[in-house]
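S.K.: Letter by letter, the chains look like this.
Protein chains: 2
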Amino acid sequence: MYECNQQTVTIQALQRMPYYVQQLRIMQENMVQTVSAPRIAELLNLNEVQVRKDFAAVYTTKGKPKTGFLVAELLHNMEELLGYYNINEAVIIGSGYLAQAIISDERLKGLGLRIVAAFDFSLDETEKEIHGIKVLSLDKISNLCRRMNIHIGIIADSGFQAQVVCDQLVAGGIISIWNFTEAHLSVPEYVKVKDENFTASYAVLTNHLKKNL
Amino acid sequence: MYECNQQTVTIQALQRMPYYVQQLRIMQENMVQTVSAPRIAELLNLNEVQVRKDFAAVYTTKGKPKTGFLVAELLHNMEELLGYYNINEAVIIGSGYLAQAIISDERLKGLGLRIVAAFDFSLDETEKEIHGIKVLSLDKISNLCRRMNIHIGIIADSGFQAQVVCDQLVAGGIISIWNFTEAHLSVPEYVKVKDENFTASYAVLTNHLKKNL
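Chains as they are written, first to last, in UniProt numbering: chain A, 1 to 213; chain B, 1 to 213.
Mixed in with the good hints there might be a few duds.
Sample of chain A residues with no beta-carbon within 10 Å of chain B, all distances over it, derived [as the list claims (entries may be wrong)]:
(1) Asn30
(2) Arg39
(3) Lys66
(4) Leu70
(5) Gly83
(6) Asp120
(7) Glu127
(8) Lys134
(9) Leu144
(10) Arg147
(11) Glu182
(12) Ser186
(13) Lys192
(14) Ala200
(15) Val204
(16) Thr206
The calculated label-pair distances, taken between Cβ atoms and stated as ranges, are [what the hints assert, rightly or not]:
(17) Lys62(B) with Thr61(A): 57 to 65 Å
(18) Gly173(A) with Gly132(B): 27 to 35 Å
(19) Met31(A) with Leu44(B): 46 to 54 Å
(20) Asn86(B) with Gly159(A): 24 to 32 Å
Just so you know, these hints were derived from the structure itself, not from any lab. Beta carbons are placed, not taken as given, at the ideal position from N, Cα and C, and that holds for glycine.
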């Protein structure tokens, strides 16, 4: 396939792909056959050179770039690169609003995310369920992940000691961690942490206010 | 104050600040007086030169960098830059799990975020409230924002037409938009959009699995 190209895709490019995918799908629905990098750059307000580079990194069809990219082909390449539609099982730490927002997110479900268990403080002996998913006590994290061969862990509650929870995930064989807490997690090199720091995002918003009000 | 320095702080640096703040607070609690950039770089697993540059951009005290940065001063500079503890009123679009997660987020509250109203489809005539915040119908967005002089809008539900909602926010005087939908929003130049694209983040996680399993 496009193994060699795939190596050259940066995290930044990867994060732009879902936006391209969205535009390409609209084009496909409207029977558009080919598209140019400048057109997509214009629609998404991105740099033309950057878009061309991103497209070239994933596009498998060899040919003259001047005739434009085939929409169907480009879309397929990107979806494959993104690993869309492969089922990926995950566990989630937390059972509050944020955890429930992620568990019930239809977009993520549509992309293949299957959350198989949630973990929280065990408040009592009664079994709890959210959206059909069992909520288990925190001490069961590593055992369950190992037993079920899970590789994605989502830390969706800042009420826990994030590093402790993270260590349990790593011990259980998790190699991709989605971290919604403010904590800077320390992990082995083979583990990828994707931080979602609301506090840092909020700083961007308030800084813009400070400069412009 | 440090107006001229502030101009040089990039979005990337700004987003690293909350991590510095967290470390500096721990040091302050432990009576540490001065700190070096390499020490913080080591703790946060960041590049030393980058940390030194970030510190220099916010630090107001003139002096010899070789003696290290004063923890209290550096912390104060960063907190002020981040606009922490200034009350900022905001509206939120959506009243589902994600909206509730944001409304009830204690970290954001602690930083001064005050959400004054939520907006959703008006399902019936009865007034709805979530966490003590009124849920109003979507057509009231621009009027309320203008009337209450609100400048931050949070789009926390992908069930709406994000661009339409965004236009209403801009029309109501919003200049900072926190966008949790996948949509690429088109806004005037003076408006800052901070995207929180869960789909794009998920792509980073699954791509890591693909490469490492």
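S.K.: Does each hint hold? Answer for all of them.
M.R.: Hint check:
At roughly 17 Å from the closest C-beta of chain B, the C-beta of Asn30(A) stays outside 10 Å, upholding its exclusion from the interface. Chain B leaves Arg39(A) outside its interface by the beta-carbon criterion, the shortest separation being 14 Å against a cut-off of 10 Å. No beta-carbon of chain B comes within 10 Å of the beta-carbon of Lys66(A); the shortest separation is about 26 Å. Every C-beta of chain B lies more than 10 Å from that of Leu70(A), the closest at about 22 Å, which supports listing it as non-interface.
Consistency note on Gly83(A): stated as away from chain B, yet its beta-carbon is not over 10 Å from all of that chain's, at 4 Å minimum. Consistency note on Asp120(A): stated as away from chain B, and its beta-carbon is indeed over 10 Å from all of that chain's, at 15 Å minimum. Glu127(A), annotated as away from the interface, keeps every beta carbon of chain B farther than 10 Å; the closest lies near 21 Å. Even its closest Cβ contact with chain B, about 18 Å, leaves Lys134(A) beyond 10 Å, as expected for a residue assigned away from the interface.
Every CB of chain B lies more than 10 Å from the CB of Leu144(A), the least distance being 18 Å, so the non-interface label holds. Non-interface call for Arg147(A) relative to chain B: holds, since the shortest CB-CB distance, roughly 17 Å, exceeds 10 Å. Its beta-carbon lying about 6 Å from the closest one in chain B, Glu182(A) breaks the requirement of being farther than 10 Å from that chain. Ser186(A), annotated as away from the interface, has a beta carbon of chain B within 10 Å; the closest lies near 7 Å.
Look at Lys192(A): its CB is around 4 Å from the nearest CB on chain B, not clear of 10 Å, so calling it non-interface is violated. Non-interface status of Ala200(A) relative to chain B is broken: a Cβ of that chain comes within 10 Å, the nearest being about 4 Å off. The beta carbon of Val204(A) sits about 5 Å from the closest Cβ of chain B, which is not more than 10 Å, so the claim that it is off the interface is violated. Distance to chain B contradicts Thr206(A) as a non-interface residue, since its nearest Cβ pair spans about 4 Å, not more than 10 Å.
The beta-carbon spacing between Lys62(B) and Thr61(A), approximately 59 Å, falls within the hinted interval of 57 to 65 Å. Take Gly173(A) and Gly132(B): their Cβ atoms lie about 42 Å apart, and the range 27 to 35 Å is violated. Between Met31(A) and Leu44(B) the C-beta distance comes to about 50 Å, which sits within the given range of 46 to 54 Å. Separation of Asn86(B) from Gly159(A) is about 26 Å and conforms to the stated range, judged on CB atoms against 24 to 32 Å.
Hints 5, 11, 12, 13, 14, 15, 16 and 18, counting from the list given before, are not met by this structure.
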